[in-house]
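Trainee: If you follow the hints, you should be able to join the two separate chains into one complex; please do so.
Chains Y and V are the protein sequences, given in the same order.
In terms of numbering that gives the first Met the number 0, the first sequence opens at residue 0 and continues consecutively.
In terms of numbering that gives the first Met the number 0, the second sequence opens at residue 0 and continues consecutively.
Keep in mind the hints are simulated off the structure, nothing from the lab.
Keep in mind that a hint or two might mislead.
[As the list claims (entries may be wrong)] Among chain Y residues calculated to face chain V with C-beta under 7 angstroms, some are:
hint	residue
1	Ser211
2	Ala326
3	Met336
4	Ala337
No residue lacks a Cβ here, since even glycine has one placed at the ideal position from N, Cα and C.
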Amino acid sequence: MFSRRRLLAGATALGGAAFLPSIAHAKGSVAAAIYPGTWEEAFRAIVAPALKKKDSVDLELQPLFAVDQVAKAKAARGAPPFDAFVLDPGPRITAIQDGLFDKIDMKKITNASKLPAGLVDEWGVGVNAQVVGIAYNPKKVPAPKGWKDLFVEPWVSRLGLTGFQTTFGTVSLIEIAKVFGGSETNIEPALVELKKVLPKIAAVGQPAAMPSLFQQGQCDVMYTNTQTVATLKGRGVDIEFVKPETGAITFLTTLHIAKGAADVENAYKYIDIVAGKDVQEALTKPPYNFIPVNKDVPVPSYLPMKSLDEMSSFVRHDWAKINPLRAGWIEKFNKEMAK
Amino acid sequence: MRKLAEWQLALPLALAFASIFLAPLLMLVGVSFFNDDKISQPGFGQWAKFLGDPFSYKVIADTMLLGLKTVCATIVIGYPLALIYLDASPRLQKVLIFIIVMPLLLSVVVRTFAWIVVLGREGVVNTLLMQLGIISEPLRLLQTELGLVISLTQIEMPLMLLPLISVMSRLDPNLRDASSALGASRWRTLFKVIVPLSMPGLVAGCLLVFASSTTAFISQTVIGGVRLIYLPLLIWQQSLVVFNWPFAAVVSLTLLVSVLTVVSALSYLGRRSGGYVHG
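Chain V on its own, in the form it takes in the complex (with noise of 0.2 angstroms):
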């Protein structure tokens, strides 16, 4: 019998995607090319109306540093966790790793819920900060996008920490002896050897975390209120209130098109800083 070449192998998975994937993506770049919401004239009409508005272009621009600063959060937040984590015993690991999943068993639903109650105007929050006379006037954290970051980073903090665990967990630790052995300060040694070489798997949660925060829809609708627009917000009226579906397609194309354009970003510079160490 002749030997399986490895495409064949990968056959039905690439029908299977083909089929559920690329098809319905095709049909979405169809239906965003008709003018009318009953799906009968085609034409560029919707894309024209959508970036001949300068208010898209604001949103655009809020969902993107929406994920910027979630990712940015992250990575203040994670990466000494990570690094807590890889000086840990093998047990504290353990526990490590279940507290970091945790978040993950939880729906999203009851994540972003729970913070309605935590930064919420009586809120554990403001309550805290009342009662230690820090403040006299609830602040005012829901429905703004300090708030939504906030809550995001915990949502998506597993995504970031995960993959930065996996690959820092890989590194050699006589590296890091080696480093100090020959002179080099913990900073210089965290810097120069520890954060060149965790590269992929930070590039890797940075990916992650931009990507799901920017389609975070019940989180920014529901931590961040209406008033704070971002692309998924719009898609979803336009889908599901207005039925507007050519329109719904050419947001949800934009939106796919920016972050692709941003997580491409982000690898081709994680690819440029994972050659510095070997450069």
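Excised from the complex, chain Y in its bound form (with noise of 0.2 angstroms):
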């Protein structure tokens, strides 16, 4: 994914940093999309006081998922509404293939040292990881040791899935097709597993409502991320999180800046805080229960991962591959999962 020339050079310009006399301080706001929901309650209550407190700057936050900060950055074409965007793999390839970033200056991020080898790079910042794998409801159903046993009983007639609108959702379909055959680029043992079994199934529903359908008892086993299990299971709801026995898949969650940003600087500003330790150690508690990429943060002990090294091991994906033929999967999982 990242190059070992373009590590280098990151490495370097980092080294170099050190040296850069602190950039003055330049008061005003800086627009940031965020996801609505989880990332919207937790930067409003932890990055905004912190980036208030340490630069004077406001931050605004504009919830919007992924593919709508993308979407409406193309529609504004070259004026976008908000200055930095927080992107999931698959929409963040998209906005780079249209232009959509402006490139990232690594004297600017003063965090990046503190983050592991290739989550700075020319196009953005990464400041969440993300590991996916399966819940389940422990009081219903025994643990599943892998993504095979979805397809049996008792947890076939228990699952709740979701189809290739959502990152989360179109990596762990693509490590069900593995396990039946099928590879990044081949989802199509994954469908025909799915039709075999789709009358027992108890769910297959739009990503948002998967947490309020699992609470509901509707499903007792999906896949999910480490954060939706947390965070359900801070509202007393039993769920348990389980590595599949082909590994837990993770992804990043990145920062980048918007070309034609208002606010560069005030953008750098925001990038920095949020890869900072103390901001990524607010985000890890709960509600919030974020997963930390900053070296200095303690990993949070109910993850399947004792350190962040661990998680060089866990299944990753080159969505430059997957993004073209998503459109045709989705059209796909339409026709065959439709009643």
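Mentor: What follows is the structure, given as structure tokens:
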């Protein structure tokens, strides 16, 4: 994903950054797009006050899903409605291809040295990792071992799933395809197996509705990320996270500066503070349950890994290959799953 | 000073309407005639793709049927309610109006998620039926068309009741008395006098409920799930997930045209039956 040369360049720039005088304080505001829900709440409660305190910059948050941000920025044609994006890998690649980002000047991210290799590149800064696996209700079903288990009893009749609309849905279906002989670019086996068990499956839902469906007992097994599991657990829902035997999936959430941003300097300050130790640590606490990426922040105990380094063994996907195929997959999923 | 003509008074509204509704609509039509998602090659490719796929017709038919089923359910439940309202004391009428309007004061998202709690596997309905011993296994209500129609009926009910009640409360009570004095039974009075006279309200209610339920994206996807595919879900997928705006424009225009067709048919029927009363 990141070439060695790019990493070296980044590391050199970071080293150089240490000798630069600190940038003068500029006041004003920054408009940042943010995922609705937990992200918005967390950034409002933690990032906004931190940015105000350190840099006297007001943070204006615009709640938008990743795909909505890209759609809005595309529609705005050079005058984006916000200065900074927050994106998953798929939309990130679309945005790079559509030229929606300004290149990152790594010197301006003072916390970059605290991030593991590969998190900062010319287009953005990784500020959060997501880990996706299987969640189940321990009071209703035994713990599944891997993706294959989802297709047999007792799990299949309690399974809730989503399609290719979201990043976590797409990568989970790819992993399912892999255990049945498919690959990152061939999801056919997953659809074939799904079709066989379709009448038994408890729910095929809209991604945003899945936590509610689980909470209401409509389904007792689903694929999801650790953050959703921790949040539901915090609400008293019986839910546990399982790392599938083929490995948990991980992907980065990255912040980017919009091309044509009204306030680029403040956007840098915003990104830098999100990558910093204090904000990262506060974000890992309940009810927010983020996975930190700053090396100085301890990894929360409920996560399926002890250190961030362990995540290098997790499954990752190449979205440059996935993106061009996704429209076809969505169409196929519609047709195969339709009642 | 010359007197302003009526059309001149309507000019500000007409200009606003043209710029914020008509212009985007024309752009939508324009975008649909591009072959690629970068909107660079003009052509009929997206229309050909959509209209050449049998799956599209299934989705159109399902969407229209969902609207018709919801309309029927709101009439069956709403009409008697309107009759009760008509005979109620002024005080009770105030209470009824409050109850009818109350759902409109709640966000549709909240109402939709509340229906998950009601219809879910461990929801209110299933728990009650199981405790009463009527069923042994929970019924599947969520993610079925039945569940969706039930919830849409509640969600869209105010749109049926408000026009219906406003028309019915203007009916001359003497007409009903005259009908019974002339020997008509209560049912005959209902079908020969009240229903025909309330037809404008009923038709207006049907139009609103139909247009609103066929386009109710949140309720359709959250309660119906993604195995029940309606046109709004396709539009959302194509515009916001896949970024194929020309195809999304084609689906949007299809939704617009199909809803308008049914709505015109309904209002034509309404006008014909409205004429019956005087004829």
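Trainee: Please flag the earlier hints that this structure goes against, numbers listed from lowest up.
Mentor: none
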